[in-house]
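Visitor: Respectively, the protein sequence lines represent chains D and F.
Per numbering that gives the first Met the number 0, the very first residue in the first sequence carries number 0; after that it's consecutive.
Per numbering that gives the first Met the number 0, the very first residue in the second sequence carries number 0; after that it's consecutive.
No wet-lab data here; the hints were simulated from the structure.
Note that CB positions come from ideal geometry on N, CA and C, so glycine has one too.
Any given hint could be a false lead.
No more than 30 angstroms apart at the CA atoms, straight line, and that leaves these computed lysine-lysine pairs for BS3-like [what the hints assert, rightly or not]:
#, chain 1, residue 1, chain 2, residue 2
1, D, 12, D, 244
2, F, 300, D, 158
3, F, 451, F, 521
4, F, 402, F, 340
5, F, 300, D, 269
6, D, 269, F, 307
7, D, 243, F, 340
8, F, 300, F, 286
9, D, 158, F, 340
10, D, 244, F, 340
Pair ranges (Cβ atoms, derived) [to be verified]:
#, chain 1, residue 1, chain 2, residue 2, range
11, F, 244, D, 118, 34 to 40 angstroms
12, D, 104, F, 244, 33 to 39 angstroms
13, F, 322, D, 111, 52 to 58 angstroms
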Amino acid sequence: MIGARSIAEPTIKDTIIHRMDPRAKILILISTVFVAVTLDNPETMLLLFLIILSGFALARMPAIKLKTLAILLTLLIWGTIYSQALFYSQLPRTVIFTIISPDVPVLGWLTSGGLFVYAEGLHHGAIQGLRSASILSLGLLMCWTTDSRDMLNGLVGLKVPYSAAFMVVTAVRFLPIIITEVLTVVTVQRLRGFNPKRFGSGIVKTSLNILTPTLSNCVRRTGTLAVSIQSRAFRANPDRTYLKKLKFSEFDKAVVAVCIFAAISIVLIKLLYNMYTGGIYYSAGLRPVYALARGYL
Amino acid sequence: MKNIIIFLLVLGLAIQPAAALGQAEDFEPEDMTTFLIQVPHGVEGNGLAVGGSNLSAYVFFESYYEGNMNVTVELDFPEGFVLQDKTVHSFLLRTEYDDWYRLVDFYVPADLPSGTYNITATALVEVGEKQHTIVRKTRLKVASKEEVAEEIEVSGLTVPSDEDGYGDPSHPASTLVIRETSPALKKLLKVTDLKIDREELTSTYIGVELSNRGDSKVPVVITYDILDIKTGEPVKAFKPAIMGMDADTFCYATLTLDPESSSLVSLPLYISENAMGGEYLLRVKVKLTGSDWVAVTKDQKITAISRKWGPIIITLVSTLLGLTATGFFFSRPEQIMDRFKTRNLVLIALFGTVSFAAINLPMTILWELSHAIFGPFSFLFTGLFHEVLLYMLIASLVVLIPKPGVVSLFMLVRFLLGGFITGSFTPITFITMSLSAILLEGLMYAAGITGKNPNPENRFRMGIVCGIADMASGYASFSVWMVLYRLFYSDWYIMANILIDGFLYTFIGAWFGISLGNRLKKVAE
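Put together the whole structure using the sequences plus the hints.
Guide: Printed below as a string of structure tokens:
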């Protein structure tokens with residue numbers, strides 16, 4: 000069983016990935032999300048995924064993190080494969096298994112002619128799963144290689160209002176305490192006879208009964224915390240100073256520039272290509288661009 | 000005077016037959032008639048047929064003579080041909096430009112030896128007392144199927160093409176675009192003065208270039224089918240019934256191919272709304288007129304792109320709303336944040352933490368695990384966390400802080416926390432959360448749950464407001480998945496998700512959230 004903390008907490012090391020400016024990481028993540036959403040070519044998507052995975056090697060991630068990543072990716076990709084195998088709506092499609100036959104009363108009608116597993120859907124799901132997998136992997140790489148304070152400094156550096164950043168700081172700081180509290184409540188529930196691992200009523204009852212005691216503690220803490228923060232001149236002045244100054248290195252600048260340029264280029268090329276295929280806009284001079292989009296993107 | 004009149008009358012009567020006799024004597028059959036025969040119909044010169052064909056010969060006679068003309072036409076077909084009509088036809092043409100024609104049906108037996116056969120048409124023309132004979136000969140080549148197949152070739156296929164069969168470079172080759180017929184989009188295009196030239200069903204045309212390498216004229220009928228690439232079965236969505244008639248009635252072209260020439264024809268291609276995207280096989284078939292035998296086929300792989308405008312528009316609108324809300328927040332952060340006390344901000348942050356610890360963290364594994372195990376029915380299980388628990392928290396938070404903006408800040412904390420801790424900085428999370436926040440804020444304000452005189456404790460109102468907002472953001476979420484991640488979902492699945500997860504679970508969550516909020520209020524006091 001992978002503990003919640005092992006998923007949540009970053010692993011701080013001195014690698015090229017860890018040393019990157021958090022603002023650079025956020026910008027790289029946003030650029031990569033645009034690229035991942037835009038791509039359609041399976042080979043290029045696989046390449047992007049492998050590049051992102053190589054970041055985990057560069058960051059020398061511990062085994063527990065890699066195991067977590069592997070489990071999450073396996074479940075994510077399999078979930079996508081499974082859903083697409085059922086809902087694939089293109090031709091050709093080959094039924095390899097029938098889940099609900101069209102002749103089944105009520106369910107056959109409800110599912111508009113049955114529910115089948117399509118071979119082509121499995122393939123499509125695997126390709127599309129790469130897209131989500133790339134975004135998730137990069138997101139995890141960023142959060143596992145960045146201290147939450149640095150990440151929040153990065154957000155403030157990217158003009159996120161300080162009050163909003165403060166809320167997230169508070170939330171992050173309280174996360175281990177809340178998790179401990181939730182685990183305590185779960186333990187108490189177990190002692191009272193609930194089994195939270197059992198699917199169905201165990202999970203439901205446990206979850207519902209977690210809320211009241213946990214939230215009651217939160218509300219109690221709120222007053223104390225608010226007084227403590229206000230006594231330290233929170234929001235008294237519009238400008239703030241920070242203990243740690245963020246600074247882009249030359250490497251950060253280069254990587255960010257490459258990522259943003261690649262993202263803008265790929266999005267523009269695909270946009271032009273989709274306008275061409277949709278019969279909205281065509282220019283003979285853009286033929287190489289169309290060829291590039293069709294062949295590689 | 001009387002004598003003069005009688006004389007003129009006699010003279011006139013005497014001259015008239017003489018004049019008529021003189022004209023009959025001047026009658027030139029080739030100059031004063033048109034007599035032609037086409038075998039098969041439409042082919043002037045040497046025609047081509049295969050054994051087993053039912054054909055029609057076309058016989059035409061026209062007079063340029065002012066008087067009566069008795070004509071007897073006799074057709075002489077070689078031995079072996081089976082005439083299905085009489086061979087001798089007699090008729091009377093009375094005036095200039097009077098004409099007569101017949102389609103004479105005949106059958107070319109399947110076992111008729113290959114070769115060229117002469118067909119003769121003889122017209123016996125009686126003008127006055129004189130008789131004239133006009134003879135027309137034509138030749139029909141009866142070829143074996145192998146010979147015909149070698150002579151005719153589909154030398155080019157252009158999909159899509161224009162009405163004349165020529166390719167249009169502004170459309171990708173071998174690609175059909177299936178457009179969802181959206182009344183809303185049509186209205187929008189009309190408002191923006193953009194025209195929709197496309198008919199409801201007509202999608203495009205197929206250009207077919209045919210070559211005839213032989214020395215005979217070949218009348219052909221060209222049709223096509225769009226087949227499932229795996230099963231080879233025709234796909235009806237690409238040949239839908241039009242005005243109650245089978246599409247085969249419309250989707251064909253006839254052509255007479257001259258010897259050693261190429262010709263281009265276009266065939267209309269209709270696409271119904273329920274057509275699916277994917278790979279297909281376009282099969283063009285060329286039949287010789289009069290025969291069901293397919294002389295030539297040409298296959299070409301084509302791709303149909305399914306372009307659903309509904310989800311695209313919803314995704315665009317949701318994204319724009321999300322970006323606008325974010326822009327609004329970034330443009331006046333102090334004004335927005337100063338409306339909340341520090342205690343409120345801390346409480347919102349802590350609720351965000353609880354939602355993350357109780358929902359996001361367990362769901363990181365459970366969500367995917369549930370999808371992997373339960374497949375399409377996993378939402379019945381995951382909805383308990385994502386809808387019941389989440390909306391319990393939202394409703395109780397609103398009971399504690401009934402101010403506009405509280406839901407948005409809660410969503411912001413959840414989004415950023417999810418991004419930092421589990422790497423879930425995805426466009427879908429952003430769009431769904433921002434849309435959900437906008438809808439909840441708007442509806443809660445409109446329903447009087449938040450605002451100047453807030454009344455957040457009506458369970459039913461809170462349940463309905465949250466249910467409607469979650470249904471809308473849930474539908475938008477499916478659209479975003481379909482557009483940005485190219486995933487497919489059945490309509491029934493989307494509907495079940497929206498109704499059960501989006502409304503029912505949310506309603507239950509909001510309902511219990513009021514009780515939770517009231518209990519927490521006592522703790523806070």
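Visitor: Taken at face value, is the distance from the CA of residue 307(F) to the CA of residue 269(D) at most 30 angstroms?
Guide: holds, 17 angstroms
Visitor: With a cut-off of 30 angstroms on the C-alpha distance, tell me whether residue 300(F) and residue 286(F) pass.
Guide: holds, 21 angstroms
Visitor: That 34 to 40 angstroms hint for residue 244(F) and residue 118(D) (C-beta), does it hold up?
Guide: Taking Cβ atoms as reference, residue 244(F) and residue 118(D) lie about 36 angstroms apart, which means the hint holds.
Visitor: Range first: 52 to 58 angstroms. Now tell me if the beta carbons of residue 322(F) and residue 111(D) are that far apart.
Guide: violated, 35 angstroms
Visitor: For residue 451(F) and residue 521(F), compute the direct alpha-carbon distance and say whether it is at most 30 angstroms.
Guide: holds, 22 angstroms
Visitor: Holds or violated: the 33 to 39 angstroms window for the beta-carbon distance between residue 104(D) and residue 244(F)?
Guide: Distance hint for residue 104(D), residue 244(F) holds at roughly 36 angstroms.
Visitor: With a cut-off of 30 angstroms on the C-alpha distance, tell me whether residue 300(F) and residue 158(D) pass.
Guide: Violated, at about 52 angstroms.
Visitor: For the pair we were handed, residue 243(D) and residue 340(F), check the Cα-Cα distance against 30 angstroms.
Guide: Holds, because 28 angstroms separates the two Cα atoms, which is no more than 30 angstroms.
Visitor: Do the alpha carbons of residue 12(D) and residue 244(D) lie within 30 angstroms of each other, as the hint requires?
Guide: Holds - the C-alpha atoms of residue 244(D) and residue 12(D) are around 19 angstroms apart, at most 30 angstroms.
Visitor: Can the restraint linking residue 300(F) and residue 269(D) be considered satisfied, given a maximum Cα separation of 30 angstroms?
Guide: holds, 23 angstroms
Visitor: Does residue 340(F) sit within 30 angstroms of residue 402(F), going by the straight-line distance between their CA atoms?
Guide: holds, 11 angstroms
Visitor: Check the hint pairing residue 158(D) with residue 340(F) against an upper bound of 30 angstroms on the C-alpha distance.
Guide: holds, 22 angstroms
Against the hints set out earlier in the document, violations occur for numbers 2, 13.
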